[in-house]
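S.K.: Here the protein sequences line up with chains A, B and C, keeping their order.
Using this note's numbering, read the first sequence as starting at 4 and increasing by one per residue.
Using this note's numbering, read the second sequence as starting at 5 and increasing by one per residue.
Using this note's numbering, read the third sequence as starting at 3 and increasing by one per residue.
Take the hints with a grain of salt, since some may be wrong.
Unchecked claim - Straight-line Cα separation of at most 30 Å, DSS-like style, residue types lysine-lysine; simulated pairs:
{"no.": "1", "chain 1": "A", "residue 1": "LYS141", "chain 2": "C", "residue 2": "LYS21"}
{"no.": "2", "chain 1": "A", "residue 1": "LYS283", "chain 2": "A", "residue 2": "LYS256"}
{"no.": "3", "chain 1": "B", "residue 1": "LYS7", "chain 2": "B", "residue 2": "LYS255"}
{"no.": "4", "chain 1": "C", "residue 1": "LYS92", "chain 2": "A", "residue 2": "LYS37"}
{"no.": "5", "chain 1": "B", "residue 1": "LYS55", "chain 2": "C", "residue 2": "LYS59"}
{"no.": "6", "chain 1": "A", "residue 1": "LYS102", "chain 2": "C", "residue 2": "LYS254"}
{"no.": "7", "chain 1": "B", "residue 1": "LYS51", "chain 2": "C", "residue 2": "LYS59"}
{"no.": "8", "chain 1": "A", "residue 1": "LYS37", "chain 2": "C", "residue 2": "LYS254"}
{"no.": "9", "chain 1": "B", "residue 1": "LYS55", "chain 2": "C", "residue 2": "LYS202"}
{"no.": "10", "chain 1": "A", "residue 1": "LYS140", "chain 2": "A", "residue 2": "LYS102"}
{"no.": "11", "chain 1": "A", "residue 1": "LYS31", "chain 2": "A", "residue 2": "LYS20"}
{"no.": "12", "chain 1": "C", "residue 1": "LYS17", "chain 2": "A", "residue 2": "LYS141"}
{"no.": "13", "chain 1": "A", "residue 1": "LYS50", "chain 2": "A", "residue 2": "LYS102"}
{"no.": "14", "chain 1": "B", "residue 1": "LYS254", "chain 2": "A", "residue 2": "LYS160"}
{"no.": "15", "chain 1": "B", "residue 1": "LYS17", "chain 2": "A", "residue 2": "LYS20"}
{"no.": "16", "chain 1": "C", "residue 1": "LYS92", "chain 2": "A", "residue 2": "LYS94"}
{"no.": "17", "chain 1": "A", "residue 1": "LYS94", "chain 2": "A", "residue 2": "LYS50"}
{"no.": "18", "chain 1": "A", "residue 1": "LYS160", "chain 2": "B", "residue 2": "LYS255"}
{"no.": "19", "chain 1": "C", "residue 1": "LYS6", "chain 2": "A", "residue 2": "LYS140"}
{"no.": "20", "chain 1": "C", "residue 1": "LYS53", "chain 2": "B", "residue 2": "LYS55"}
{"no.": "21", "chain 1": "A", "residue 1": "LYS102", "chain 2": "A", "residue 2": "LYS135"}
{"no.": "22", "chain 1": "A", "residue 1": "LYS160", "chain 2": "A", "residue 2": "LYS146"}
{"no.": "23", "chain 1": "A", "residue 1": "LYS50", "chain 2": "C", "residue 2": "LYS254"}
{"no.": "24", "chain 1": "B", "residue 1": "LYS51", "chain 2": "C", "residue 2": "LYS202"}
{"no.": "25", "chain 1": "C", "residue 1": "LYS254", "chain 2": "A", "residue 2": "LYS94"}
{"no.": "26", "chain 1": "A", "residue 1": "LYS256", "chain 2": "A", "residue 2": "LYS323"}
{"no.": "27", "chain 1": "A", "residue 1": "LYS151", "chain 2": "C", "residue 2": "LYS17"}
{"no.": "28", "chain 1": "C", "residue 1": "LYS54", "chain 2": "B", "residue 2": "LYS55"}
{"no.": "29", "chain 1": "C", "residue 1": "LYS21", "chain 2": "A", "residue 2": "LYS140"}
{"no.": "30", "chain 1": "A", "residue 1": "LYS323", "chain 2": "A", "residue 2": "LYS292"}
{"no.": "31", "chain 1": "A", "residue 1": "LYS255", "chain 2": "A", "residue 2": "LYS280"}
{"no.": "32", "chain 1": "C", "residue 1": "LYS56", "chain 2": "B", "residue 2": "LYS55"}
{"no.": "33", "chain 1": "C", "residue 1": "LYS21", "chain 2": "A", "residue 2": "LYS160"}
{"no.": "34", "chain 1": "A", "residue 1": "LYS37", "chain 2": "B", "residue 2": "LYS17"}
{"no.": "35", "chain 1": "A", "residue 1": "LYS20", "chain 2": "C", "residue 2": "LYS254"}
{"no.": "36", "chain 1": "A", "residue 1": "LYS196", "chain 2": "A", "residue 2": "LYS146"}
{"no.": "37", "chain 1": "C", "residue 1": "LYS21", "chain 2": "C", "residue 2": "LYS6"}
To be verified - According to the in silico footprint, chain C covers these stretches of chain B (three or more CB under 8 Å from chain C):
{"no.": "38", "region": "36-46"}
{"no.": "39", "region": "157-170"}
{"no.": "40", "region": "185-195"}
Since the hints were derived computationally from the structure, they do not count as laboratory data.
From the three backbone atoms N, C-alpha and C, an ideal C-beta is built for every residue, glycine too.
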Amino acid sequence: MSYAVAVSNMTKDFVLKEPAKGFVGNLKSLISPKFNTFRAVDNISFKIERGERLAFIGPNGAGKSTSIKMMSGILHPTSGDISVLGLTPGKDRTQLGYKIGTVFGQRSQLWYHLPAGDTFDLLARVYDLNPKAYREKKNELVKLFEIKHLLDQPVRKLSLGQRMRCEVVASLLHGPEIVFLDEPTIGLDVTAKSIIRDLIKERSQRFGTTVFLTSHDTGDMERVCDRVIVINHGRVLFDDTIEKLRARYIKKKRVTLMTAEEDLHFEARGVNWLEKKPHKFILDVEVDKTPIDEVIATALKHARIRDLTVEDPQMEDVIKFIYRADKE
Amino acid sequence: MGKYLSFSIIAIKHGYKNKGETIARFAFYGIILLVFSSLWNAVGSEKIGLKPRDMIWYLAMTEWIVLSYPLIHTAIQEDIRTGNVAYLLTRPIPYIWVKFFEGMGTLLLRMLILAFAGFGFAYFITGGLPTNPLGLLLYFPVGIFASMVVTLYQSIIGLFSFWLQDATPIYWIFSKCNFILGGMMLPLDIYPEWLQKIAMLTPFSSFLYLPVKACLELDASLLLEALIKLTVWAVIGLIAMQLIYLRGVKKLNVNGG
Amino acid sequence: MNLKNNYEFFTHLLKINLKSLTSLRGAFLLQATFMIINNLVFFTMWWVFFKKFKSIKGWEITDLCALYGVVAFVFGVSVIFFGGVRSLAKMIDGGDLDVYLTQPKNTLFYASSSQSHASGWGDVVSGIILLWFSGYLTFGSLPLMLTVLFCSFVVFVCIGILFNSLAFWMGPMDSLARQFYDFVVTFSIYPQVIFSQFLKMILFTVIPGGFIGHLPVSLLREFSWSNLGFLVVGSAGFFILSVVVFNRGLKKYESGNRFIGVGTN
Numbered sequence: 004m005s006y007a008v009a010v011s012n013m014t015k016d017f018v019l020k021e022p023a024k025g026f027v028g029n030l031k032s033l034i035s036p037k038f039n040t041f042r043a044v045d046n047i048s049f050k051i052e053r054g055e056r057l058a059f060i061g062p063n064g065a066g067k068s069t070s071i072k073m074m075s076g077i078l079h080p081t082s083g084d085i086s087v088l089g090l091t092p093g094k095d096r097t098q099l100g101y102k103i104g105t106v107f108g109q110r111s112q113l114w115y116h117l118p119a120g121d122t123f124d125l126l127a128r129v130y131d132l133n134p135k136a137y138r139e140k141k142n143e144l145v146k147l148f149e150i151k152h153l154l155d156q157p158v159r160k161l162s163l164g165q166r167m168r169c170e171v172v173a174s175l176l177h178g179p180e181i182v183f184l185d186e187p188t189i190g191l192d193v194t195a196k197s198i199i200r201d202l203i204k205e206r207s208q209r210f211g212t213t214v215f216l217t218s219h220d221t222g223d224m225e226r227v228c229d230r231v232i233v234i235n236h237g238r239v240l241f242d243d244t245i246e247k248l249r250a251r252y253i254k255k256k257r258v259t260l261m262t263a264e265e266d267l268h269f270e271a272r273g274v275n276w277l278e279k280k281p282h283k284f285i286l287d288v289e290v291d292k293t294p295i296d297e298v299i300a301t302a303l304k305h306a307r308i309r310d311l312t313v314e315d316p317q318m319e320d321v322i323k324f325i326y327r328a329d330k331e
Numbered sequence: 005m006g007k008y009l010s011f012s013i014i015a016i017k018h019g020y021k022n023k024g025e026t027i028a029r030f031a032f033y034g035i036i037l038l039v040f041s042s043l044w045n046a047v048g049s050e051k052i053g054l055k056p057r058d059m060i061w062y063l064a065m066t067e068w069i070v071l072s073y074p075l076i077h078t079a080i081q082e083d084i085r086t087g088n089v090a091y092l093l094t095r096p097i098p099y100i101w102v103k104f105f106e107g108m109g110t111l112l113l114r115m116l117i118l119a120f121a122g123f124g125f126a127y128f129i130t131g132g133l134p135t136n137p138l139g140l141l142l143y144f145p146v147g148i149f150a151s152m153v154v155t156l157y158q159s160i161i162g163l164f165s166f167w168l169q170d171a172t173p174i175y176w177i178f179s180k181c182n183f184i185l186g187g188m189m190l191p192l193d194i195y196p197e198w199l200q201k202i203a204m205l206t207p208f209s210s211f212l213y214l215p216v217k218a219c220l221e222l223d224a225s226l227l228l229e230a231l232i233k234l235t236v237w238a239v240i241g242l243i244a245m246q247l248i249y250l251r252g253v254k255k256l257n258v259n260g261g
Numbered sequence: 003m004n005l006k007n008n009y010e011f012f013t014h015l016l017k018i019n020l021k022s023l024t025s026l027r028g029a030f031l032l033q034a035t036f037m038i039i040n041n042l043v044f045f046t047m048w049w050v051f052f053k054k055f056k057s058i059k060g061w062e063i064t065d066l067c068a069l070y071g072v073v074a075f076v077f078g079v080s081v082i083f084f085g086g087v088r089s090l091a092k093m094i095d096g097g098d099l100d101v102y103l104t105q106p107k108n109t110l111f112y113a114s115s116s117q118s119h120a121s122g123w124g125d126v127v128s129g130i131i132l133l134w135f136s137g138y139l140t141f142g143s144l145p146l147m148l149t150v151l152f153c154s155f156v157v158f159v160c161i162g163i164l165f166n167s168l169a170f171w172m173g174p175m176d177s178l179a180r181q182f183y184d185f186v187v188t189f190s191i192y193p194q195v196i197f198s199q200f201l202k203m204i205l206f207t208v209i210p211g212g213f214i215g216h217l218p219v220s221l222l223r224e225f226s227w228s229n230l231g232f233l234v235v236g237s238a239g240f241f242i243l244s245v246v247v248f249n250r251g252l253k254k255y256e257s258g259n260r261f262i263g264v265g266t267n
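Only chain A is shown next, with the shape it has when bound in the complex:
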C-alpha cells in the first residue's frame, strides 16, 4: 500500500470495424463485419510513490488518454493489473471516485451558463463534503488559484486559461489524494500555461498530492513533474527523472532571434543555423556544448536584438532522439 499507483502489464486492445468501401462493401460489412484489433496500450508497468509528480508524455495517439482513462476507472484494461490507492479502478469506481480528482483538458465539468462557484457547490454534494470543511477548502483554493474575481461570472464569459484554473479547482475541492490531469494546458497561451503549471505544482507540494499528468507538451513535465514516462505506440520508451531525460535526450533548444541589423553571423560549438532571413534567424543549440546564455551573449555582441524566443524541442523530436539513441 505504499504506492499511490501500481500498474503491471497494463494492455488495452480496441476492436474496430473495418470501414467498408462502396455499396456492396457496405452490405457485406452489415452481414459479416470485419474487425481489426488495435493495441492502444501495450504491456505497460510502472509504480508511482505517494506525493510523486509524474508526467506521461508522448505524441498524439501514443496511448496516453487510454492509460489515464483506465487508471481513473473509465475504461477497463484488456489485461494486466491496476491498483490506484489500493483499489481496482474499474471495479471500485465509486469508492475511488472520492479519492481521486480528474481534469480532462478537452471536456469541461463546469456548468456553462453559471458562475464556477455554482459548480463547486454542486460538487460539494457529489462528494458528500461537510459544509464547513468545504467552505474552508474552497476559500483556500480560491485564494491559491486567484479566481475570486471570476467566481461571479458565468463560465461562458471566462477565457480558456481562467476556465482551466476553475476546472483544476473543481477537481481539488474534495481533497483528492491523487489528481489525473489529461492535457491540462491544451489550447492555452504561454502565460496561462505557466500559471496552471505553477499552481498544480505548488498545490501538490503543499499537500503531498500525487500528480499524474499527460501531455504532448514537453514544457508541462519540466515545470510540474519530477519524473517522466515517455510512451509511443502504447509502449514505454523512457522512465526516469526529468534531469536524466534532459541530459540524455533533450540536448537541443531552438532559438529565434529578431535583430535590428539585416545580417547576423557567428560561430560557436553546437550551434547550427537553420534559417537566415533579413532580420530573422533561427538556430539550434546543443546546450551541453554551449549554454543558452552564452549563445545569447555572443549574439548580443554582434547585433541589437529586438525579439527573442527559446523553445524546447517538439515532442516528436524527443521521441526521435530516444529511438536513435536506443539503436546506437
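Dock chains B and C against the given chain A, drawing on the hints supplied.
M.R.: Structure of chains B and C alone, referenced to chain A:
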C-alpha cells in the same frame, strides 16, 4: 441564378447522406396516416362530406408538405453559434438567400422521396386511389409550389435567430398554425364559420388546405384561387424577408453577432 | 451513499438546473410561454373535431383533454427533472460520460438530471390547465391522479433511456433517438380505442405510448384494480429494463469498443 442553384445542389447531396433521418421521416409519415385512418374508421368521416378514403388522401397530401419543409432556423442558429455567420455575411451573395436556396435543395430532395412514401402508404392503407386520381398528378407541381412558399416563410422564422438566442418557440407556433389554420389534419370546411374566416385571412390556408382541396376535388376555380393567393403570399414573404434581413444584418453589425 | 445525501444531491441538481435556465431569463420566458400557447393551440384541433363528432367510441372531449393534459404534464416534468435523458445518445457517442464516471454518484442518475429544458415548464402549466378543464382533477381523485401521473412519468423517462442507450451499440444515432421519442408521443396523444388489436399490442411494447396516455386516462375515466396493476407492473418493468440496458451499455462503454470512432489515444 446559377450560383444560387449550386447551393441547392450541395444541400441535396448533403441530404442524400442523411439516410437515418430520411428513414425516420418515412416511418413517421406512415405512422401518422395509420393513426388517422384508424380515427376516421372509428368515427366515420362521411359526416363531414368526405369518403374515408379521400380523408386519408387529404392528410397524405398535407403531410407531404409539412414533413418536407426544412428547418432553416436551426441552420442559421448553428451559423450564429459557431460564429460562421460573420464570415458568411461578407460574401457577395446575401446570406439569407444562401440559406433559402440550401433549404430549397433539402426540400426538393425530401419531397421526391416522401412522394413515394405518401403515395405508397395512402394507397396501401385506403386500398385505392382518391375519387379523382387526376388530382394527384395535378397536386405534384402545385404541392411543390406551395412548399416553396412555406420554405420562404421558414427562412423568415430563421431570421428571428438574429434577435433571439433560440427561435425554436417561434417555429412551434408556426407549425401549430399550419396544423390548425392550415387545416392539416381536418379540412377547414368542418371548422366553425368564424374560425374559417380567420384561417382564410392567413397564409396558412393557402399553404395546405386550398391547394389540396382544389386538387382532390378537381375544382378549377378553387385551384386558381389557391395559386393566386400563394403568389400573393410569396411576394409579401419575399418583401418581408428582405426587409427583416436588412434590419438583422444591421443588428448583427452593431452587436457583432 | 446514504439516501439523505442522494436526496440532497438531487435537490441541489434541480436548484442549479433552475438557476442555469433562469440565468437566460428572456429565453426561458419565451420558451415556457410559447410552449403553453403551442399546446393549447394544438388542442383546438380536438375542439373542432368534437364539434362535429360527439365522441370517439365513447371518448369525449373531456377525455381527450385529460389525455393531452397527462402527456403534456408528464413530458414537462420529465424534461425538467431528467432533461439529460434526451441527450444521453449524444453523451454516449461523444464520450461525455467520462466526467460522470469518475465522480462517485450513480452515472445514469447524474447524467440524466444534469440538464433541464425551459419548455418543460410550459408543458407542465398547459398540462395542469388541460387536466383542470377535463374535470378529472378533483380533490377526491388526487391520489389516483398522482399515482397514474407518476407511473406515466416513469415509463416516459425509461423509454427515453432505452432508446438513447442504443447509442452504446449503434454509435451516432442522436437524431434517430429523438425521432423515435416523437413517435411515442404521437401515439400517446390518441385514444387507443381507435386502434386494431395488433396496433394496441405494439403500443404497450415496442412503442409504449399506451402506458403514457391511454392507460392513465382510462383509469381516471373508470377505475379498475387490474388496469392499475397493469400500469404499475408496466412502469416497474420499463424501469428495470432501462436500468439493465443502460448498465450493459456502460460495460460496452468501459471496453472502449463502441461502434465507430473509438479514440486512438
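S.K.: For every hint, state whether the structure bears it out.
M.R.: Hint check:
1. A/LYS141 - C/LYS21: holds (21 Å)
2. A/LYS283 - A/LYS256: holds (17 Å)
3. B/LYS7 - B/LYS255: Holds: B/LYS7 and B/LYS255 sit about 27 Å apart, inside 30 Å.
4. C/LYS92 - A/LYS37: holds (26 Å)
5. B/LYS55 - C/LYS59: Holds - the C-alpha atoms of C/LYS59 and B/LYS55 are around 19 Å apart, at most 30 Å.
6. A/LYS102 - C/LYS254: holds (25 Å)
7. B/LYS51 - C/LYS59: Distance ~15 Å between B/LYS51 and C/LYS59 Cα, so the pair holds.
8. A/LYS37 - C/LYS254: holds (19 Å)
9. B/LYS55 - C/LYS202: At roughly 25 Å apart (the allowed maximum being 30 Å), C/LYS202 and B/LYS55 satisfy the hint.
10. A/LYS140 - A/LYS102: Given pair A/LYS140, A/LYS102 holds - Cα atoms ~15 Å apart, limit 30 Å.
11. A/LYS31 - A/LYS20: With Cα atoms ~12 Å apart, A/LYS31 and A/LYS20 stay inside 30 Å; holds.
12. C/LYS17 - A/LYS141: Measuring from Cα to Cα gives roughly 20 Å; hence the hint holds.
13. A/LYS50 - A/LYS102: holds (18 Å)
14. B/LYS254 - A/LYS160: holds (24 Å)
15. B/LYS17 - A/LYS20: At roughly 26 Å apart (the allowed maximum being 30 Å), A/LYS20 and B/LYS17 satisfy the hint.
16. C/LYS92 - A/LYS94: Holds, because 25 Å separates the two Cα atoms, which is no more than 30 Å.
17. A/LYS94 - A/LYS50: Between A/LYS94 and A/LYS50 the Cα gap is close to 20 Å, so the pair holds against 30 Å.
18. A/LYS160 - B/LYS255: OK: A/LYS160 and B/LYS255 at ~21 Å, within 30 Å.
19. C/LYS6 - A/LYS140: holds (23 Å)
20. C/LYS53 - B/LYS55: With a Cα-Cα distance of about 19 Å, the restraint between C/LYS53 and B/LYS55 holds, given a limit of 30 Å.
21. A/LYS102 - A/LYS135: At roughly 19 Å apart (the allowed maximum being 30 Å), A/LYS135 and A/LYS102 satisfy the hint.
22. A/LYS160 - A/LYS146: Satisfied, since the Cα-Cα distance of roughly 21 Å is no more than 30 Å.
23. A/LYS50 - C/LYS254: holds (28 Å)
24. B/LYS51 - C/LYS202: holds (26 Å)
25. C/LYS254 - A/LYS94: Since the Cα atoms of C/LYS254 and A/LYS94 sit roughly 15 Å apart, the hinted pair holds (cutoff 30 Å).
26. A/LYS256 - A/LYS323: holds (15 Å)
27. A/LYS151 - C/LYS17: holds (23 Å)
28. C/LYS54 - B/LYS55: Holds, because 15 Å separates the two Cα atoms, which is no more than 30 Å.
29. C/LYS21 - A/LYS140: holds (24 Å)
30. A/LYS323 - A/LYS292: Answer holds: A/LYS323 to A/LYS292 is near 20 Å, not above 30 Å.
31. A/LYS255 - A/LYS280: holds (21 Å)
32. C/LYS56 - B/LYS55: Distance ~19 Å between C/LYS56 and B/LYS55 Cα, so the pair holds.
33. C/LYS21 - A/LYS160: With a Cα-Cα distance of about 17 Å, the restraint between C/LYS21 and A/LYS160 holds, given a limit of 30 Å.
34. A/LYS37 - B/LYS17: holds (28 Å)
35. A/LYS20 - C/LYS254: holds (15 Å)
36. A/LYS196 - A/LYS146: Holds, at roughly 19 Å.
37. C/LYS21 - C/LYS6: With Cα atoms ~22 Å apart, C/LYS21 and C/LYS6 stay inside 30 Å; holds.
38. 36-46: Coverage by chain C holds here, the residue count being 7 at a Cβ distance below 8 Å.
39. 157-170: Per the Cβ count (3), the hint holds.
40. 185-195: The restraint on the region 185-195 of chain B holds, since 4 of its residues have a Cβ under 8 Å from chain C and three suffice.
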